[in-house]
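These protein sequence lines are chains A and B, in that order. The first sequence: position 48 = 47 (numbering that gives the first Met the number 0), numbered continuously. The second sequence: position 45 = 44 (numbering that gives the first Met the number 0), numbered continuously.
All clues given are correct.
The list that follows gives simulated cross-link-like pairs (lysine to aspartate or glutamate, EDC-like), each with its CA atoms no further than 16 Å apart:
hint	chain 1	residue 1	chain 2	residue 2
1	A	K214	A	D188
2	B	K151	B	D388
3	B	K349	B	E75
4	B	K259	B	E377
5	A	K179	B	D190
6	B	K107	B	D45
7	B	K230	B	D255
8	B	K349	B	E70
9	B	K107	B	D36
10	B	K221	B	D254
11	A	K74	B	D298
12	B	K107	B	E51
13	A	K164	A	E133
14	A	K258	A	D215
15	B	K368	B	E75
16	B	K368	B	E342
17	A	K179	B	D184
18	A	K74	B	D297
19	A	K74	B	D299
20	B	K172	A	E68
21	A	K74	B	E304
It is worth saying that the hints were derived from the structure and are not from the lab. Remember, predicted model here, so these are calculated numbers, not experimental data.
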Amino acid sequence: MSRLATKFAEFRQSGHKALIPFITAGDPTREFTVPMMHAMVEAGADVIELGVPFSDPMADGPVIQRASERALEHKMSLRRTLEIVSEFRTSNQDTPVVLMGYANPVEAMGYEDFALAAEKAGVDGVLTVDLPPEEAHECATLLNAHNIDQIFLLAPNSTPDRIKKMDTVGSGFLYYVSVKGVTGAGHLDTSDVKRKLIDIRANTQLPVGIGFGIKDAETAKVIAGLGDAVVVGSALISKIEENLDSPENAKREITELLKSMRLAMDSQG
Amino acid sequence: MTETTNSYDMPDERGHFGPYGGLFIAETLIPAVEELDQAYQKYMTDPEFMAELDKDFQHYVGRPSPLYHAERWTRELGGAQIYLKREDLNHTGAHKINNTIGQILLAKRMGKTRIIAETGAGQHGVATATVCARLGLECVVYMGAVDVVRQKLNVYRMQLLGAKVVAVESGSKTLKDALNEAIRDWVTNVDSTFYIIGTAAGPAPYPAMVRDFQSIIGREAKQQCLAQAGKLPDALLACIGGGSNAIGLFHPFIDDADVKLIGVEAAGDGIETGRHSAPLCAGRPGILHGNRTYLMEDDDGEIIETHSISAGLDYPGVGPEHSWLKDIGRAEYVSITDDEAVEGFHALTKMEGIIPALESSHAMAYTLKLAPTMQQDEILIVNLSGRGDKDMHTMAEREGIQI
Ligand SMILES: Cc1ncc(COP(=O)(O)O)c(C=O)c1O
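Can you build the whole structure from these sequences, using the hints too?
This is the structure in structure tokens:
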């Protein structure tokens, strides 16, 4: 079993809901990322999602677009993102790391080389926004052969048949994109999420992470009651953007927000 | 004599042209493209739909567009007989409307109430705003901020037609960024919104669908050439941005193995400078905007900023069918620099009294090179994809003239 599957099995057993923060690798600097990852684990993160910067992030809202641009300015890349994961792994072998990005950097490296390098670096899951099951077969097979889960997305308009398909092709967990829109969208409706989760649960046994539009502890708590994991991205990256002159402040504010989410998520009955 | 067979049958049922094309999009858009694919499959064989399309082509667009024998230019160059396919004479001044007329009819049948589009030169934006005005549909056009400046005449045209033009400030602020922003809009408003892509690229079924609407160019050209010259042409020439005017001309001739197909990409400042927009000539396969195709990218798979004097060619990718035609050797792809395109622009203007769009001028510039190498009994059809009115500012500025 992969590190992700093992973790989620443990969480299910104990009723623990996973908190998954997302930051972009190399934003605002290369040096910022590894210490930030460790700090997020200390603040209660169970899995870390690391964004791989891409020049054309079509599924992302302005906050993550700008994070990508900041990282690309100093030549952050898929290869360098893998170096960051390796560095993180020198003192943490326990927390799963999921890369989130777009197909082209992976395609440019070559699926086989990427799968090898990602395994060596200690990557546990790969979520490629523009690689739906229709096109993912080759990549997913190679990743699986290297003990890495290909994470697939579900959307508010995914049909029961589609959910069943994801159940077959997916592993690790499924990521439910809780709003129609780009990352950082502002109109998350938790009662919609609740309704959709009934559909999803009826068609898959895989753990379900929920993300897009979760910005505060209160929402994290509600969402944790519905899914197996809560993903939070733009809200954290905004802290980086607001503190570009002081990375230390950014780190502190991110940790505080995560702690408040952790507390809220753990305090349900 | 050319043997005509029906051997070419691309894409496959999943939208692949060999390794190219496909469906590289976010999950939220899957239901939208599935719905579109069903409508496209259904209506392209529906006699009533096709009759409506034909009627609009004839009475609204002004088709068939002439195949004009450019006799003076032919004499001057001293080689092949040059025929121009006059897409510049279509309503709105370019081939783009062949596609928007078709897609808007689909949108109407699918019950969509809001239309979005991306545009580079503004020709596709104008063609979209035009058909939206005609049907009274809401229209939002995304345009790179750089292009908003260099094609301001078209911005005003779109606004007159009732469209909202959104200047895109991200990335290189040109066509690719307009596409990114249109895709973001589509994901957000997927239920109500129909995305009219302006070239033969994007996720399946767009490349094949846009090609099918644009193929009217090649079907007419074939008939007209047979009627006027009594034989098929020897070579076809068209400029390549995303590749829609080219594939529209080429497609009906693919099985005519003796007809050479030549696409002209934009070499910008020169291929060797890296400042160009010629993925087929100087790029490699990758994934962008929903399809696998030749791209301009760096070693890390990040997309490189492109350059061309013509906004409509300033794009790092190309329609996937061209990638396939290149790999199987059925079509040939060459490139023309900004300076050469300007020469082509002047040549046609002076010799035939026709001012071409800067995009089309790339095909004209290659005509200057190719026609003299061909025999006088050979026929060269050049796609005059659009007229040059929109480029008056760019040309005047380049030549230091205040207008
Ligand atoms: C007149 C004209 N020709 C050609 C193009 C290039 O597009 P395509 O390669 O899809 O024909 C454009 C695009 O804006 C255009 O306006």
